[in-house]
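**Student:** Sequence:
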Amino acid sequence: MSLPASVCQSNSEAEHSNLAGSKARAEEQVENTNVDNNGVMPAKKESDSKDDAPYCSLSERRKISVMLTASFSGIISPISASIYYPALPSLAKDMHVSISLINLTIMTYLILQGISPSFTGSFSDVYGRRLAYALCFIIYIGANIGLALQSDYAALMVLRCVQAAGSSGTIAIGSAVVADVSTRAERGKYIAYATMGTTLGPALGPVIGGLLDHFLDWRWIFWFLVVLGGFNFALILVTCPETCRAVVGNGSIPPAKWNRPLWAILRESLRPQSHKVEMKIYHETLEKSRTRPNPLTSVRIALEKEGGLILMYGALLYAGYMIILSTLTSQLESEYRFNSIQVGLCYLPLGTGSLTSRWSAGPLLDWNFKREAKRQNLSIVKNRQQDIWDFDIEKARLTITMPFVYAACVLLLAYGWVMKFQAPLAVPLVLLFFSGHLTTGAFSTLSTLIVDIHRQSAATAVAANNLFRCLLAAGATAFATPLIDRIGIGWTTTFIVGVWVVFSAFLWMVYLWGHTWREELHVKRSEGDGSIPA
Numbered sequence: 001m002s003l004p005a006s007v008c009q010s011n012s013e014a015e016h017s018n019l020a021g022s023k024a025r026a027e028e029q030v031e032n033t034n035v036d037n038n039g040v041m042p043a044k045k046e047s048d049s050k051d052d053a054p055y056c057s058l059s060e061r062r063k064i065s066v067m068l069t070a071s072f073s074g075i076i077s078p079i080s081a082s083i084y085y086p087a088l089p090s091l092a093k094d095m096h097v098s099i100s101l102i103n104l105t106i107m108t109y110l111i112l113q114g115i116s117p118s119f120t121g122s123f124s125d126v127y128g129r130r131l132a133y134a135l136c137f138i139i140y141i142g143a144n145i146g147l148a149l150q151s152d153y154a155a156l157m158v159l160r161c162v163q164a165a166g167s168s169g170t171i172a173i174g175s176a177v178v179a180d181v182s183t184r185a186e187r188g189k190y191i192a193y194a195t196m197g198t199t200l201g202p203a204l205g206p207v208i209g210g211l212l213d214h215f216l217d218w219r220w221i222f223w224f225l226v227v228l229g230g231f232n233f234a235l236i237l238v239t240c241p242e243t244c245r246a247v248v249g250n251g252s253i254p255p256a257k258w259n260r261p262l263w264a265i266l267r268e269s270l271r272p273q274s275h276k277v278e279m280k281i282y283h284e285t286l287e288k289s290r291t292r293p294n295p296l297t298s299v300r301i302a303l304e305k306e307g308g309l310i311l312m313y314g315a316l317l318y319a320g321y322m323i324i325l326s327t328l329t330s331q332l333e334s335e336y337r338f339n340s341i342q343v344g345l346c347y348l349p350l351g352t353g354s355l356t357s358r359w360s361a362g363p364l365l366d367w368n369f370k371r372e373a374k375r376q377n378l379s380i381v382k383n384r385q386q387d388i389w390d391f392d393i394e395k396a397r398l399t400i401t402m403p404f405v406y407a408a409c410v411l412l413l414a415y416g417w418v419m420k421f422q423a424p425l426a427v428p429l430v431l432l433f434f435s436g437h438l439t440t441g442a443f444s445t446l447s448t449l450i451v452d453i454h455r456q457s458a459a460t461a462v463a464a465n466n467l468f469r470c471l472l473a474a475g476a477t478a479f480a481t482p483l484i485d486r487i488g489i490g491w492t493t494t495f496i497v498g499v500w501v502v503f504s505a506f507l508w509m510v511y512l513w514g515h516t517w518r519e520e521l522h523v524k525r526s527e528g529d530g531s532i533p534a
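Heads up: the sequence shown begins at 1 in UniProt numbering, then just goes up one per residue.
Rather than coming from a laboratory, the hints here were simulated on the basis of the structure. There's no promise every hint is true.
Pairwise CB distance ranges, derived in the manner of DEER restraints [said to hold, decoys possible]:
#1 97 / 267: 51 to 59 Å
#2 305 / 268: 27 to 35 Å
#3 377 / 486: 23 to 31 Å
#4 359 / 230: 29 to 37 Å
#5 299 / 424: 44 to 52 Å
#6 377 / 422: 27 to 35 Å
#7 101 / 376: 32 to 40 Å
Here the structure is a predicted model, which is why all the values come from computation and not from measurement. Using N, Cα and C, we set each Cβ at its ideal position, and we do this for glycine too.
Construct the complete structure from the given sequences, taking the supplied hints into account.
**Tutor:** And the structure:
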């Protein structure tokens, strides 16, 4: 049984092998090392053997490849939501219902999008990422086939829920893959790769949906999603390795044969036994998982002082963002008399702004982590997970989050009032670009923080984040249109910004006291199982 040739070995092991007389093996290990020679291990160690093991056995190129695959798989959830918006008038006409009733399908989609990852994320933390991916795509493809064939409003409502149940889990699994292969110190730079799919979805979805609805029919939107889901499913089966640390540790422990990508099985069958390279297996990196999935774990995270405040504020941000996103179609049609193609194109600035935030928020997160680590005397070692027991990671992350939040408030407020007074189209589109950039940057930093403090159950932490933000967004989109009809888009955005500013006190509470709360929680848990998580 062979493993990828890109396994990262540590300098300490290379020296050990050299002393033992295995000079050739030592040279190979030193050549493949990912450890910074000037790095110093943190003072606190679980065991020498575990500290010597690299955090991830994949090469840098392979890590990026895995993240891009997971990211592209995650595109199906946001694109399934946004591709739908330009076709809302056509659906309402064909189903003989009002726009308000069609908007309820957005609400039910968001509800299931919030609930489902609690099951999927918990399942993937126990049984692995690949099996969870397979279940998600099977459900998703089946739902889209049904949506393309149905002609009834009730069927549309139910199948959109099933579609959401299948698609939403991919985001939680993708974020967990990032946590599996990257340390906290380098996680920011991987945001651009890991979340590229989730930000391309809102940018491309409305354009594709508008074109398909205008030139073909709204049914072709769902046939397109069948093809996209099938391609992603094949990509996972063929190329993506198992990364769950409860199954493969740092990637050096071989999974069961059925749980390997098809290209790896084919490579093993074609490679002669004599040419197979045996690589070091680090059994000590295998992490203990729950014996069975428990979706209620997501709810437990919300009951923590720190976790609850982060989740609640992230949900408020997302709910306000979804009000703007879900009502943009009707605003453009009523204020500018646009058709479905023009509406779809007007979503591009918002989606592009979301995409570009990864190249501002990500580097800033890594830069500030290193700055705070230096200030708090934490040594950073490449390809080693840092022990944050004594490190105030809350300040490292929220120092970046809060400027993004307050700047987004200013621009969103401006967007609402220029739409109110029908300014030239370029003005609201530019404001949408920067609003999307800043709001998504704030989402990213908060999501990174919730994973940082729940690393051993990353998929469950992301699922908890998804649960609260989608449930709150579902309620927000339900009353968004009536609210705008009553008070106008200007006062609606003023209300959203007011909520964001007032409840930003939650972020300040985490900034000031989050580290203390986390220490108290770790001590409490250590009294229960005798260990303190890193």
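**Student:** Look at each hint and say if it fits the structure.
**Tutor:** Quick rundown of the hints versus the structure:
1. Between residue 97 and residue 267 the CB atoms are about 53 Å apart, so this pair conforms to the stated range of 51 to 59 Å.
2. One distance hint, 27 to 35 Å for the beta-carbon pair residue 305 and residue 268, is violated here, with the actual separation near 49 Å.
3. Taking 23 to 31 Å as the suggested C-beta distance range, the pair residue 377 and residue 486 does not conform, at roughly 55 Å.
4. The hinted window of 29 to 37 Å between residue 359 and residue 230 holds, with their beta carbons roughly 31 Å apart.
5. Between residue 299 and residue 424, the C-beta spacing of about 47 Å keeps the proposed range 44 to 52 Å intact.
6. Taking the beta carbon of each, residue 377 and residue 422 are about 56 Å apart, not inside 27 to 35 Å as hinted.
7. A beta carbon spacing of about 54 Å between residue 101 and residue 376 contradicts the range 32 to 40 Å that was offered as a hint.
Hint violations for this structure: numbers 2, 3, 6 and 7, all remaining hints satisfied.
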